[in-house]
Amino acid sequence: MRVSVLQENLAKGLSIVGRAVSTRSTLPVLSNILLSTDEERLKLAATNLEVGVSCWLGAQIEDDGAVTLPARLLTDWVNSVTPDRIDMELSVRSMSVHLKCGRFESNIKGIDASEFPLIPTGDGEEPLNLPPATLRKIIDQVVFAAADAKDTSRPALTGVLARFEGDRLTLAATDGYRLSLRRTALPAAAPADISVIVPARSLQEVSRISGEADPEQPVELAVAAARNQILFRLCGKGEAEKGTFYQVALVSQLIDAKFPDFNAIIPKSYTTRTILDTAALQRALKVASLFARDASDRVIFSITPGETETAGRLTVRATSAEAGDNVSELDAVVEGAAVEIAFNVRYMMEVIAVIDTPEVVLETTRSDRPGVFRPVGAGPEEFTHVIMPMQLQR
Amino acid sequence: MCARAILHVDLDAFFVAVERLDNPALIGAAVIVGGRPEVRGVVASASYEARKYGVHSAMPTAQALRLCPHAILVSGHRGRYSEMSARVMAILADYTPLLEPLSIDEAFLDVTGTEAHYGPPGRLAHAIQARIQAELGLSASFGVATNKLVAKIASDLHKPHAVTVVPPGEEAAFLAPLPIRKLWGVGAITARELERLGLQTIGDLARCPIDELRRRFGASGEGLWRAAHGLNDSPVTPEHEAKSLSREETFAQDIRDRNVLRRELLRLSDAVAMRLRRHGLQARTIGLKLRYGDFSTLTRQTTLAEPTDAGPVIYEHGLALFEAAWDRRAVRLLGISGSGLTREGRQLRLFEQGDQRQAQLDAALDRIRARYGERAVQRASLLEEPEELWIGRETE
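Read top to bottom, the protein sequences are chains E and U. First residue of the first sequence? That's 8 in the working numbering, and the numbers climb one at a time after it. First residue of the second sequence? That's 347 in the working numbering, and the numbers climb one at a time after it.
Hints should not be assumed to be uniformly reliable.
As the list claims (entries may be wrong) - Here are the simulated DSSO-like pairs of lysine-lysine, each with C-alpha atoms no more than 30 Å apart in a straight line: (1) E/K249 with E/K107; (2) E/K157 with U/K589; (3) U/K635 with U/K589; (4) E/K107 with E/K244; (5) E/K157 with U/K635; (6) E/K293 with U/K589; (7) U/K505 with U/K528; (8) U/K528 with U/K589; (9) E/K144 with E/K275.
These aren't lab readings, by the way, just hints derived from the structure by calculation. None of these values were measured; they are calculated from a predicted model.
In isolation and in its complexed conformation, chain U is listed as follows (with noise of 0.2 Å):
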């Protein structure tokens, strides 16, 4: 078999690397990117220099202003963080089709087979990374592997601005002396059991008998052992082939208040129906995500008559799913998603022309904010919202 060539690519400090774009006193200084302390908000993105002392993302706002008193907090700007991982995504696209954007400043690409275009798949990463650089300014890490899992491990490896080549058959050695929190799939949980084992790095874990892993972690020992042995052959999958759509807030305070959760309810929606149009997607089955301030979770879902990518339609029945769920308690985290997707045309109606009145309206709507931002056409309702009520999470 032809090993393949995949590239994984991962902006560096990408909120923080946009701010410096629109504000350049930031360069140089620690910087976070993230909620204020006052409202419990978290650490979207730090700085490299704010890193050192050791703020990382996720991290409340005010323990990471006590670690690091002098860094600069900056409140996140969604619309620009959006628009600038487009215009990367669409860098990335020129090389190859076979692109899966995995978050906002992380991407897979399998580029097998262009070596004769672009040279080989390192040199090529240089070149992507470079281009990256000159045409936006934002600094990005590339792994090079014959997977995604080796390529994702190897992009993180040499972080910022590095390119991290693994040349095929050296997967497991290159994996061997990593700790096991790196394996990319292992959570927190697995990793204190197979550190309870006796095994610290990947390469333990790949020695540690298939069968043993089988009997402890059941079906998924098997993947753990491929996984340490850098085996791995899922396909780097565009994102139009993905299963679900979906948006979701985690707001810096609890909200109760049923009309703010309404609002947000018809931005999240609306933001769903406009990924959907813009991948030429439509939604089959609309799901509510809702978790307290407890972390306790629900998730609620409908299926349509028809598939849907209008925003009042996934609102509709959002909400319907949000009252019969909602307890009047506060909540910390709002989603919707839109499954079972399809790409056919939709049935047109006889009767009701409305509907084909709204689908000319969205798609005139997406024009003017592909071209003067997210935020260039909004609905008045969602216009009041003041900024520190989202805050989006940047992928470490």
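Extracted from the complex, chain E is given alone in its bound form (with noise of 0.2 Å):
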């Protein structure tokens, strides 16, 4: 294998399927990253068996071949070396690659590429169309409600649903405390109507890369159920811009477990309905969770209606034994009864973050019941997310 690409391109190339590269494995190849050249590019690839990120760069083919190297090594190494070009040459026997880049000329050793699992790239199966901007939006605004990762007690809770019914596609995520819920409509029907589990953490890593393709081709996204895995391919910005990528394909393992049933716990109604100001909402919690810190995150929310329904009020109190306290008073409109509910501020945080209108509803009943927050003026279908209260007193 003889290759030659820009510092730039390989850089970022290395930083799309990095995420991918095992930590933690038995298997010393999946600490390896996939050098491999594919029809005049170059392709990186690397997986932890539960994800698969396979990179095509721009690059100057003279020998076709393939190895892998270690990730951190090759990646610290592109990354400290000089943007120039790099010129990349495998020694069969010594299975070792000579990088030479400017003034700098290191050799890595490497793992033969036979030993790499395979990777699907998704070949065959047909995708569904959807914006990058698109895709990354409905991912980020329901993602974050996902349990983590390492609680392998609720392996359901740990991926986000994803059901594809005619043209429409829902995206479910929760930890049990709040659920974030997204629809939005398909450019087309799916081929066929179906739900699944894909893991948050690879959800994330599509939304990575979607801000990094090109806005104007779509992602591609395909279900390929009887191999349990859904696929996504993404376009780059084109091979003139350094930094770039031509393409990169995701392919992720799906949950095979039972999400729990989330329309029964979506409140169906409500007895206090509170307009607010998003971007003042946001600063009274950011302000409110550093008192909020060392108090379980607690902070109570009082909603007061007004003479008018305009002029309605809502106060932020967050109390720290240690810390000290704060109170932020917002205007709002208010329409039902008056009410105190308690939230956990970084949940508030991180469900307000990912809501880009200028304004926001909160629906309430009782302290004990869950709150629903909706954007203003989105489709009432559009974007859900309901969380669970704290306990008010203790």
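Combine both chains into one complex, guided by the hints.
See below:
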């Protein structure tokens, strides 16, 4: 194998596939990144057996070939050298790669590419198309509500439910304390109605990569139900630009578990409806969080209706036994009865961060019943976030 | 700076006194509350009549009975002691919210600034002493001083049924003639080392140059010097600010039966959970303490994703720690603790309604126990346990 590639492009490619490298594996080759020539491009690939990411870079191929190199060493090396052309040459006999960039020359020992697991790239599945910005947004609006991947006792909750029904896609995630639900229209009907659970970590990667994809080119998405996999294919911004990729394919295992019936826990009614300025609420939460930190992150919302509907008020209180306390007051449009309810401020901040309308509505009933956040102005079915309160008095 | 007024209350031969309330035939007799000698029991409390013969708590019962053969041995009634202790604490709490229970039969009270209301602290101590005697039939000794250290030493000095007042400014003079071992916080090892230096009394220690103490005892040398001068500024901390809550049991007989140990863990977990709930606290960290027959002791702890006050949750984690740590040898002591305490409301769950139901059940059971005693409602799995398995320890 003899390949030349721009340092910026290789660095970008390594950062794309790097997250998929296995950090704790008994299989040494999984700590490596596969480099192989593929139709006049350099392909990088990494996998931890849950998710596999392949990335194609524009490169000058002199001789075809393939090898795997230690991810950490290769990445650190590429990020340390000057932004010049990197020439790589594999010595098959010693299974080491000679790298040259500007005035740097190194040899890195590798492992035979034949030991690297085969990562399916999704050819042959019938894909759905979504604009990268849309995909990124809907993922970001739900993925944070999933349970931590380390929570092995509830595998279904470590993933995001993706339900394809005709030309509608529903994403849902919950960690048992909050539920994020996002519905969106697909440009075309899905080949089949299907529900799958995708590991939250995989979708976080898809979101991250979507941010660097060509906004004009759709992301292809395909469910390979028989293989229990979901595939995403994204296009880069073009090879003329430095620090970009040509194409990325991400394949993720699906979680084989039963997702809880979330419709049952979405409140059907409310007794108080409060409309708030999103930015003002975000600021009030940020300040309150400074004091809630050593008080289990608890903040107390006191919602009071005014003389007229628009003269309502929300007070956000946080008290720390050690640090002190904070009270913030916000104007609000309050419809219904006064209510006091406590929430985890971190949960609140996470949901407000993904609401991009200027106003947000909070629907509540009792202090021990879930509250519902929705963006104001978006369609009622677009985004719903259900959040369980904390106990008010103890 | 205004001098503080600290009371240390210590109930006199508390377990024996409670037994006498329930069985007047024991009044005037040498009484030992403790485990039976056949099961290697130890003395938990001894009446003053028995103490005259050299019997003291933590002594093996067999030895105590050799010293005082005519003593009447009574096995303990833990539930009753807790109940009476709670009633004493309730009386104390009438006088100040700054009440720090130190153990089942001891507490500190900070009564600074109550003079206008209750008169000088010495008079207040007499009044509380009389009230505990009249309402509960229990005798208590009081130490009155400007800090916890001196108050604690004072309460012990003229036991039983004494009130010892150390006026402000006389702390060092009060301590000076006392043997070094009386100094609170000085263990047997430190005391031996100090005695080797020729220091017999607290006064000797106070006269020792602080630099020499620092050289010999490092950072704690200064603490010793301050203590010897009767200087102490640690505040009276009401119990809810405790860093951890724990329950442990020393078994009269070492236990290697896994089922019995599990049952004990369950009981301890329930007890810790109940104490947490009583104080409106939840624990984020669960600890296990395990002591084998040879006194080798190990502790393990685990931190939960969310704080809890539920017995089954504490048991589940305590059991996991136990199963991982236990090497199948016979166990002498088992303890469960909850730390990382928070009193903030818990995060409610969207789905599993189970824990909310558990919380309601716990609250109902707690109400029953508060009214009819700790043993009024128990887990069926805990019913078979014979009384001799546990023995608490009354503090000296």
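Going through the hints against the structure:
1. E/K249 with E/K107: Roughly 19 Å separates the two Cα atoms, so the pair holds.
2. E/K157 with U/K589: 28 Å, holds
3. U/K635 with U/K589: 16 Å, holds
4. E/K107 with E/K244: With Cα atoms ~27 Å apart, E/K107 and E/K244 stay inside 30 Å; holds.
5. E/K157 with U/K635: Distance of about 27 Å is within 30 Å: holds.
6. E/K293 with U/K589: Status holds; Cα separation ~29 Å.
7. U/K505 with U/K528: 14 Å, holds
8. U/K528 with U/K589: Holds, at about 27 Å.
9. E/K144 with E/K275: With Cα atoms ~26 Å apart, E/K144 and E/K275 stay inside 30 Å; holds.
Checked against the numbered hints above, the structure breaks none of them.
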